[in-house]
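There are 2 protein chains.
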Amino acid sequence: MTPWDNPGAAAQFDLARWSAGHLARVEDALSRWVTADAPAGQAHGAPAELVRAMRYAVLDGGKRLRPLLVLAACEAVSGHAEAALRAACATELIHAYSLVHDDMPCMDNDILRRGKPTVHVQFGEASALLAGDALQALAFELLTPDGDVVPVQIQARMCRLLARAAGSSGMAGGQAIDLASVGSALSEAQLRDMHERKTGALLQGSVLMGAACGQSGPGPGQLRALAAYGAAIGLAFQVVDDILDVTADSATLGKTAGKDALADKPTYVSVLGLAQSQAYAQQLLAEACAALDSAEFDHAAALRALAHMVVDRSN
Amino acid sequence: MTPWDNPGAAAQFDLARWSAGHLARVEDALSRWVTADAPAGQAHGAPAELVRAMRYAVLDGGKRLRPLLVLAACEAVSGHAEAALRAACATELIHAYSLVHDDMPCMDNDILRRGKPTVHVQFGEASALLAGDALQALAFELLTPDGDVVPVQIQARMCRLLARAAGSSGMAGGQAIDLASVGSALSEAQLRDMHERKTGALLQGSVLMGAACGQSGPGPGQLRALAAYGAAIGLAFQVVDDILDVTADSATLGKTAGKDALADKPTYVSVLGLAQSQAYAQQLLAEACAALDSAEFDHAAALRALAHMVVDRSN
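As they're listed, the protein sequences go chains A and B.
Residue numbers for the first sequence follow numbering that gives the first Met the number 0, so the first one is 0 and each next one is one higher.
Residue numbers for the second sequence follow numbering that gives the first Met the number 0, so the first one is 0 and each next one is one higher.
Source of the hints: derived by calculation from the structure; they are not laboratory data.
Be a bit skeptical, because a hint or two may be false.
Any copy, or any two copies together, can satisfy a pair, since identical chains are not distinguished.
Straight line, CA to CA, 25 Å or less: simulated DMTMM-like cross-link-like pairs of lysine to aspartate or glutamate [to be verified]:
1. K264 / E48
2. K258 / D192
3. K258 / E124
4. K62 / E81
Computed from a predicted model, the values in this text were never measured in an experiment.
So here's chain A without its partners, still in its complex pose (with noise of 0.2 Å):
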């Protein structure tokens, strides 16, 4: 019998303690990599102001889920750490410049995010595009080291992953579904289709990515368990916001609460009740453990933890 046969074992799972470390490992590169040093071979580095305005978009904030997501994956198929570093750092790219687009004027004109004024509040319009466009970029380039420090087979494996994830068939073209949908009455699958795109496909994506750090990359049963799992947290995590944007107060949320509401946006809450959204966010994370249960992992605690926090989550 392995642990993660054993319901008691995500409570017995430190996930704190677990996160402590990796997190501290994502910061630290995080911050080492989104420099105005220039990469290796290259004339140039960054220019300064349009670094500072990523770095603001990237550092000191924010639940790093993706990367805690794409590192519980890796050791659940005792992946390529290096790989999977670079994952992480990298899912948090395309998260962060997602948020400092989608808080332009043009798009959802938010002045507040994770507690700080939104990047184009603090640097102008015009460096907020370009942060954003920069950081996508850089998530790439993250993926794709000189020599041999990741295989290159693990690099265009996620490195098409992420461009699906956070392409016009996912993240981009869920937000293009969205920015459509304001004001009107969106069906229960209407919004799930939005929600996929939107939030769960780079969440997946993280968990893919993760995934695919292993060598030969995951089984096909363990990427069937792993591809359930992404789907039902990412689509649990977007429940759960809905829930928290009428229950949380903006304080508590470091983002303005109420403000789907206000725009009108169709939500979960909107469409089933808050009731039937919370009993949803459970059933949600009953299918993603299930689907953990359903493949043979090396380490599947974490991943059986995240999926616990993202629900029982306050922010």
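Following the hints, complete the assembly by docking chain B onto the known chain A.
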């Protein structure tokens, strides 16, 4: 004696004919790949409205200089044809996204591009922002197809080159410097630094990506030669752009003429004067051709002819 040792070779090479065949393949590929269809193995395609804005930004316009540089450089090293076609399209997607974002009100606020209303005028600012973001992701998606249509070491090499060319030390960095330089007097060295990034990095990157399609990559001598060639034509392109901004009209350019002077932007013409800018463009052309002469290539006639086209173009 090889053809490129012969000063008459460029004149004998039929660039129009060579370009026509390659451009037809590029246009066809762009039209197939910038699409709402779901990627292989993915549940979701892209939302139709987002794809409309992406196609509007990419199709039916543009000189396709970057794709032609990729294909010519690939030909110079007898590289992998499918990899080169994908790289050709990827460079054009990055170029197209940069124009979409650059034209937005918070940047250059331009309403005319390639003789058509700019993307934000046609589709709204939020859609332009998202279409640009999605085009950047799609570039990396094209470079990393499933299966073995492109060897993984070439996929990784091309993602690395494109990410560096597009990112904070390349194109996005150049745009940040451009933004900060409006109204200030730049030295020639500062102007060159800005343009080496803003336009030069992606043009040089296109040459290097084409060269990266060689099965074992270009040899060190070839790499030095192509890097020097790419740097020279990258800068020449911008010098000629600055010249055309004062000597051509909007109808010929397909974009607003004279806007740099109006916006009080430093240009080669404002720093060096018109005559010296024209002489400098010719000097850079000579440097590009000399670089090609400095190494052995399978077929360098197309690269040489493209260098002439960059300097002698009228729009």
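### Message
Need the list of violated hint numbers for this structure, in ascending order.
### Response
Of the numbered hints, all hold.
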